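*Asks:* One-letter residues, chain by chain:
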Amino acid sequence: MKASNKRLPEEHTSTLALLQLTRFGDLIQTVQAVQNLKSTYPNYRVILIARSQFAKPLHFLLERYFDKIYTIDTQSIFQDHQVNGLSKSLSSFNTFLNDLNKENIDALVNLSFSKSSSYFSSVINAKHKIGPYYDATNKVQINDKWSQMLYATVMRGSLNPYSLVDLFRNIIGIKPSETPSTALITAERKDQIVIHPFASSERKSWKAEKWVEVIYKALKDNDKHQVILVGAKDEVLKSQIITENPLLKTYSHRLQNLTGKTTIEELTKLVASSRLFVGHDSMVGHLAALSQTPTLTISLGNVRPHETTPYHAHAYNIAPRTKCFPCFPSDECAYTQCHHDIPYQLVSNLVKQILSGKSVDNEWMKNSNSSFHLSSVNLYRSRFQAGQMTLDNLIEGQVEVPDIFRTFYKITWSFVIGDHEDNFPFPKINPNGHRDLLDALTGLQHLFELSEFGQKYSRYILEEISSSTPSIAKIKEFSKKIDEIDHLQAMVQKTSPYLAPIIDYFTVRKGNLFGDNIVKLTESSYYCFEESAQITSIMYELIQNTIAEHKLTTTKTKTDLNK
Amino acid sequence: MNAFKEDIIKEFDRIKKSLESNQPLSVEDLKIVLLKELIEEDLHESKQ
Chain A
1 MKASNKRLPE
11 EHTSTLALLQ
21 LTRFGDLIQT
31 VQAVQNLKST
41 YPNYRVILIA
51 RSQFAKPLHF
61 LLERYFDKIY
71 TIDTQSIFQD
81 HQVNGLSKSL
91 SSFNTFLNDL
101 NKENIDALVN
111 LSFSKSSSYF
121 SSVINAKHKI
131 GPYYDATNKV
141 QINDKWSQML
151 YATVMRGSLN
161 PYSLVDLFRN
171 IIGIKPSETP
181 STALITAERK
191 DQIVIHPFAS
201 SERKSWKAEK
211 WVEVIYKALK
221 DNDKHQVILV
231 GAKDEVLKSQ
241 IITENPLLKT
251 YSHRLQNLTG
261 KTTIEELTKL
271 VASSRLFVGH
281 DSMVGHLAAL
291 SQTPTLTISL
301 GNVRPHETTP
311 YHAHAYNIAP
321 RTKCFPCFPS
331 DECAYTQCHH
341 DIPYQLVSNL
351 VKQILSGKSV
361 DNEWMKNSNS
371 SFHLSSVNLY
381 RSRFQAGQMT
391 LDNLIEGQVE
401 VPDIFRTFYK
411 ITWSFVIGDH
421 EDNFPFPKIN
431 PNGHRDLLDA
441 LTGLQHLFEL
451 SEFGQKYSRY
461 ILEEISSSTP
471 SIAKIKEFSK
481 KIDEIDHLQA
491 MVQKTSPYLA
501 PIIDYFTVRK
511 GNLFGDNIVK
521 LTESSYYCFE
531 ESAQITSIMY
541 ELIQNTIAEH
551 KLTTTKTKTD
561 LNK
Chain B
564 MNAFKEDIIK
574 EFDRIKKSLE
584 SNQPLSVEDL
594 KIVLLKELIE
604 EDLHESKQ
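So the sequences go chain by chain: A and B.
Read left to right, the first sequence gives residues 1 to 563 (this note's numbering).
Read left to right, the second sequence gives residues 564 to 611 (this note's numbering).
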């Protein structure tokens with residue numbers, strides 16, 4: 001988005017349009033991102049473009065934070081498409097689009113990151129476009145750095161350290177504030193636990209038997225509490241498999257099955273009046289976050305806890321330490337090992353402890369749970385720092401290497417793209433972690449050298465162009481060198497997979513250089529390599545300092561032991 | 564017979580030829596690609 005030095009006239013209202021075509025959970029997280037937008041920028045008119053199947057059931061929530069909501073009804077657009085062909089659908093779509101294009105949109109922000117949303121963004125008229133859109137050559141264009149980072153990192157691996165809510169805020173340009181998020185919905189709480197034991201895919205949810213065990217223990221250990229099962233209409237049969245299990249017969253008077261019986265608005269109020277929500281990664285957890293109802297999320301399959309943990313200060317997320325977790329939806333998986341690695345006993349103990357109001361900390365974890373159970377999981381708790389959510393691993397001595405790198409990436413991206421300093425304590429590392437960090441140092445050295453080469457050859461091109469007799473052959477030769485750098489960076493990614501976010505980010509950056517002539521493009525390329533050098537330097541220093549701190553701590557421990 | 568599918572195949576052939584001859588896509592072309600993506604997403608959603 002271009003910055004303007006002009007002050008807008010008092011009566012001018014800028015129109016900001018958010019394009020969010022994905023599902024319920026993403027829409028709720030979008031609401032959380034813009035929660036304070038209108039109070040901070042009262043001269044903004046904020047409109048939302050969403051799919052009607054997801055936006056209409058959430059209308060009670062969306063209307064509070066958006067001046068207008070445009071919903072695209074694909075069922076209506078594609079009605080009888082097999083008979084009527086493309087022209088009728090196109091005509092129907094054009095009616096919708098013409099209405100939308102009457103808005104004088106100053107900035108369109110695409111928060112969906114799907115192919116359809118990128119094409120959609122291309123056909124909406126707006127003075128500025130943020131996030132991905134397709135240009136006339138059918139190439140994806142992403143002009144802003146936060147969207148480039150999301151496109152590169154979120155879609156490719158699990159090293160993104162940001163909650164999607166914070167990423168959305170960064171993309172829109174809403175500065176993080178120190179004031180913690182307030183509940184959007186408040187209600188008096190009853191002694192009830194809401195459980196949603198389902199998810200959008202089988203690999204993201206446990207089978208019924210494990211849920212039966214959790215519900216049984218929850219009812220047994222918490223004799224004043226009711227358990228309420230919730231879900232959509234198409235989950236009714238699955239819910240009955242749970243509620244009709246003979247193990248739950250003794251407690252059936254405190255077990256209520258509301259699956260398929262509530263609207264989303266009713267479900268929101270139900271969760272708001274409950275003491276705890278337990279479930280997988282799904283919309284219901286995000287609804288709970290709206291009222292700051294404590295949540296315990298069981299992450300499985302392709303779920304990325306750091307991105308999708310419900311956005312509030314009372315969130316717990318239990319994730320397996322399975323090697324292949326988190327996977328991609330396209331990965332083959334016959335055994336779902338990650339499902340078995342989260343013991344239901346641990347989940348039941350957590351439910352009891354959270355409901356008691358007592359602290360869930362490392363001491364409680366070690367004293368009240370089997371070390372065998374703890375060894376196969378990570379347990380995260382949410383915390384807000386500098387206005388953004390972070391997840392702390394509550395199991396001491398079990399810091400995973402990906403968690404360490406996520407911390408480094410958070411510090412680096414926040415400084416380089418967000419222009420603010422984030423501080424975290426030195427992560428503790430074990431011998432395996434130490435080895436991985438040393439490997440990464442070598443990879444970073446290579447990347448730094450390649451960045452320096454990239455700057456050098458970009459400068460050579462600019463110098464050649466500005467010479468009295470520029471040689472096309474020389475310019476081509478220098479350009480070829482820059483292409484070789486791209487190829488060598490890809491090789492570093494193979495040997496240092498933890499550096500993938502940096503390399504992927506720069507691949508996207510270089511694919512979106514600014515300029516309509518060779519001089520501007522080369523200047524843009526130079527700045528790109530300069531930023532790459534900065535990022536690799538910061539990461540190098542963070543890793544080096546962590547290793548130094550680890551050596552200091554290890555030496556001190558050995559000295560203390562020898563006394 | 565799926566008239567929509569047949570129309571899409573025809574239009575995509577035309578769009579592909581435009582791109583191969585370095586001709587820019589029009590807004591109407593982008594809308595056609597968008598509709599194809601939307602209907603595929605709807606189909607995927609209905610299978611879940």
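Simulated from the structure, these hints should not be mistaken for laboratory data.
For clarity, every value in this text was computed on a predicted model and none was experimentally measured.
Don't be surprised by glycine CBs; every beta carbon is placed ideally from N, CA and C.
Wrong hints could be hidden among the right ones.
Each pair of labels, with its calculated beta carbon distance range [to be verified]:
#1 B:K579 - A:V83: 32 to 40 Å
#2 A:T442 - B:I572: 44 to 52 Å
#3 B:E608 - A:N84: 15 to 23 Å
With a Cα cut of at most 20 Å, we get these calculated SDA-like pairs of lysine to any residue [claimed, not checked]:
#4 A:K102 - A:S91
#5 B:K610 - A:L521
#6 A:K217 - A:S91
#7 A:K510 - A:L521
#8 A:K261 - A:K217
#9 A:K233 - B:K568
#10 A:K474 - A:N517
#11 B:K568 - A:F78
#12 A:K115 - B:E608
#13 B:K610 - A:K102
#14 B:K594 - A:N369
*Asks:* Each hint should be assessed against the structure and marked as holding or not.
*Replies:* Taking the hints in turn, this is what the structure says about them:
1. B:K579 - A:V83: 32 to 40 Å: Once the Cβ atoms are compared, 26 Å apart, the range 32 to 40 Å for V83 (chain A) and K579 (chain B) is violated.
2. A:T442 - B:I572: 44 to 52 Å: For I572 (chain B) against T442 (chain A), whose Cβ atoms are near 50 Å apart, the range 44 to 52 Å holds.
3. B:E608 - A:N84: 15 to 23 Å: Given range 15 to 23 Å: holds, Cβ gap about 21 Å.
4. A:K102 - A:S91: holds (17 Å)
5. B:K610 - A:L521: Given pair K610 (chain B), L521 (chain A) is violated - Cα atoms ~45 Å apart, limit 20 Å.
6. A:K217 - A:S91: It is violated: about 57 Å lies between the C-alpha atoms, which goes past 20 Å.
7. A:K510 - A:L521: Holds. K510 (chain A) to L521 (chain A) sits at ~10 Å (cutoff 20 Å).
8. A:K261 - A:K217: violated (25 Å)
9. A:K233 - B:K568: Between K233 (chain A) and K568 (chain B) the Cα gap is close to 31 Å, so the pair fails against 20 Å, i.e. violated.
10. A:K474 - A:N517: holds (17 Å)
11. B:K568 - A:F78: Holds, at about 12 Å.
12. A:K115 - B:E608: Answer holds: K115 (chain A) to E608 (chain B) is near 15 Å, not above 20 Å.
13. B:K610 - A:K102: Between K610 (chain B) and K102 (chain A) the Cα gap is close to 35 Å, so the pair fails against 20 Å, i.e. violated.
14. B:K594 - A:N369: Answer violated: K594 (chain B) to N369 (chain A) is near 56 Å, above 20 Å.
Checked against the numbered hints listed earlier, the structure breaks hints 1, 5, 6, 8, 9, 13 and 14; every other hint is satisfied.
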